[in-house]
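Novice: Respectively, the protein sequence lines represent chains H and U. Numbering of the first sequence is given in our numbering, commencing with residue 1 and proceeding in unit increments. Numbering of the second sequence is given in our numbering, commencing with residue 1 and proceeding in unit increments.
Everything labelled a hint here was simulated from the structure, so no lab data went into it. Note that the coordinates shown come from a computational prediction; the quantities given were computed from them, not determined experimentally. Just to be clear, a hint being listed does not mean it is correct.
Unchecked claim - Subject to a maximum C-alpha distance of 30 angstroms in a straight line, what follows is the list of computed BS3-like cross-link-like pairs (lysine-lysine): (1) H:K28 <-> U:K102; (2) H:K10 <-> U:K411; (3) H:K19 <-> U:K434; (4) U:K434 <-> U:K459; (5) U:K102 <-> H:K19; (6) H:K57 <-> U:K398; (7) H:K19 <-> U:K459; (8) U:K102 <-> U:K344; (9) H:K94 <-> H:K112; (10) H:K28 <-> U:K411.
Residues per chain are reported as follows:
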Amino acid sequence: MSDLSKYKIKQLSIFSENKPGRLAAVSKAFMEEKVNILAFSIAEGAGYGVIRVVVDKPEKGLETLQQAGFMVRFTDVMAVEMQDRPGGLYELTKMLSEAGVNVEYAYGYRNKPCAVLIIRVEDVDQGIEKVLAHGAKLLDSDHFQLDSCNK
Amino acid sequence: MVFIVGARSKKHYMLHAIIPHSAARNFPLLTVAGLLAVWNPKVEFMPQQELDELQLKLLKTMVYRLYNFSSFYKERMNAANVTPDDIHTLADVTKLPFMTKKDLREYYPDRLFTVPRREIVRYHASSGTTGKPTIVAYTRSDIEMWSESLARALSSIGLGPDDVVQVANTYGLFTGGLGFHYAAEKIGAAVVPASTGNTERQIQMIQDLGVTAMAATPSYMMYLGEVAEKMGVSIKDTTLKYGLLGAEPWSDKMRDRIQEWLGVTGINCFGASELAGPLWSECDHQCGIHIWRDICLLEIIDPETGEQVGPGERGEMVLTMLQKEAFPIVRYRMGDITTMETEKCACGRTHPRISRITGRVDDMLIIRGINVFPSQVEYCLHTNPEVGNEFQILVDRKGYMDEMMVKVELKPEAFTDNILELNALRERISSRLKSSLNVGAKVELVAPGTLPRFEGKAKRVVDRREI
């Protein structure tokens with residue numbers, strides 16, 4: 001299992017009230033501490049939202065936001081590569097369905113030459129095992145440590 | 001401790017033996033100036049001096065009964081160094097100690113009742129200041145006194161057997177529904193027990209049954225007018241002529257609007273479940289709420305000093321219910337701010353009148369007719385480990401209806417990335433609030449440390465209503 005744990009990506013989940021300026025405050029804090037955002041999504045609750053980000057330096061990102069007064073925590077997700085062409089997402093989701101993986105939420109980003117889908121499942125260890133068994137390519141957490149612009 | 005008195009011994013002090021109700025008569029006969037029927041002319045037009053004598057007699061009897069048959073009142077009076085022998089004049093009422101909502105809470109549920117259980121014929125409940133409600137019990141003659149009081153009120157605006165009264169107050173533990181129901185039946189009117197909700201059907205009933213008066217909260221009356229307009233119905237063109245309005249603060253401005261827009265005379269009504277329920281209203285002159293002196297001894301005090309203030313002076317209302325059997329109320333501090341007018345009313349009635357309630361001495365809120373104390377909200381929030389102790393209550397009026405929102409701080413350990421879980425938590429808190437407050441409240445989760453902190457007395461309520 002320790003072998004697979006490298007595929008667990010530490011996503012930052014940030015609680016945010018629905019009011020102007022919260023998003024700016026998050027991104028400003030990252031900018032000041034030179035934390036680079038690789039993937040990003042916002043989930044709408046009722047009167048609040050949860051901002052989800054994958055960054056290059058998760059520990060630093062967490063500390064930065066905590067110091068800025070945000071309620072923030074790590075959530076383990078996995079990052080699955082897909083082909084950056086029509087049909088890429090279909091192939092991936094078909095595989096997930098065959099693997100019996102139920103997605104809680106997902107969001108994608110483009111990471112040349114491939115595209116990446118960040119996926120949250122209920123049991124991430126089991127999810128990683130299942131998708132690997134179905135031949136998916138998972139990005140490991142080291143991948144995100146590098147600043148993608150400098151690659 | 002035993003607060004219950006023996007059934008037989010008490011009979012000698014049953015108060016209805018002193019003051020005759022008009023229950024035996026079917027319908028009132030006396031007509032003033034050929035216009036309005038008067039329910040109980042003997043009492044309602046009784047000269048001041050006779051009223052003084054009657055009230056003193058009732059007060060003495062009540063004090064005697066409580067002192068001798070209730071250990072609670074006996075202890076209270078002993079502590080205040082007063083016995084029944086000290087009550088010689090009406091002014092001596094000030095020798096009696098005050099009662100507050102806190103007493104009602106401490107002696108929950110029934111330890112202030114002064115009759116054996118078998119004499120109780122009804123219970124109602126009102127919201128308490130914390131988790132527990134206040135239970136109110138009634139003997140048969142308490143119910144009789146209650147409907148007698150309101151029957152006089154309804155007659156004083158001209159309602160009678162020719163009327164159809166739709167009661168759009170909640171029926172149930174809340175006293176608003178059954179209170180108007182009994183009084184309207186008593187004066188011979190036909191009652192439509194519509195209760196709350198289903199506004200379109202309420203409007204249908206008004207049209208189909210020729211409803212002439214409606215008991216409701218003033219904000220519901222306005223809402224009903226709006227729904228009627230959407231249905232293409234003009235309330236002005238219906239038979240509805242009177243709104244028996246109360247249970248929440250409202251203004252002359254709102255009354256003008258109801259009268260002009262809906263063609264409905266807005267009658268200000270007053271009562272409280274601790275006292276029995278809705279008990280009093282204005283007469284058709286609309287110049288203050290008549291408080292019947294044989295039913296209630298009214299005082300207005302300076303809330304700081306506890307001293308009585310004069311007629312026309314603003315202060316806190318203190319009420320002593322002179323005829324209650326099951327659940328006596330003596331010098332009960334209502335918390336409502338008003339003034340008293342003692343001059344005879346233009347209608348000829350000799351009883352004192354109170355003006356519109358202009359505020360509260362405490363932080364009680366009235367949301368859609370339901371009393372809400374911030375302490376209740378606090379108490380309820382404490383049962384949810386996921387949220388902190390700080391909270392804020394925001395009250396708005398959307399259209400004509402009150403909306404309450406409670407902001408709470410989510411604890412960091414309860415924060416989850418799962419939106420569904422957070423929404424479920426919010427719903428759970430909201431439904432807990434609703435079941436303990438009896439009124440719906442939206443809940444908003446906020447980040448820890450974002451609500452205002454207070455060094456002194458916390459100001460947790462932001463009331464943005466314009467009434």
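Novice: If a hint holds in the structure, say so; if it does not, say that too.
Specialist: For each hint, the structure was consulted:
no.: 1; hint: H:K28 <-> U:K102; verdict: violated (51 angstroms)
no.: 2; hint: H:K10 <-> U:K411; verdict: holds (21 angstroms)
no.: 3; hint: H:K19 <-> U:K434; verdict: holds (26 angstroms)
no.: 4; hint: U:K434 <-> U:K459; verdict: holds (22 angstroms)
no.: 5; hint: U:K102 <-> H:K19; verdict: violated (40 angstroms)
no.: 6; hint: H:K57 <-> U:K398; verdict: violated (46 angstroms)
no.: 7; hint: H:K19 <-> U:K459; verdict: holds (23 angstroms)
no.: 8; hint: U:K102 <-> U:K344; verdict: violated (35 angstroms)
no.: 9; hint: H:K94 <-> H:K112; verdict: holds (22 angstroms)
no.: 10; hint: H:K28 <-> U:K411; verdict: holds (24 angstroms)
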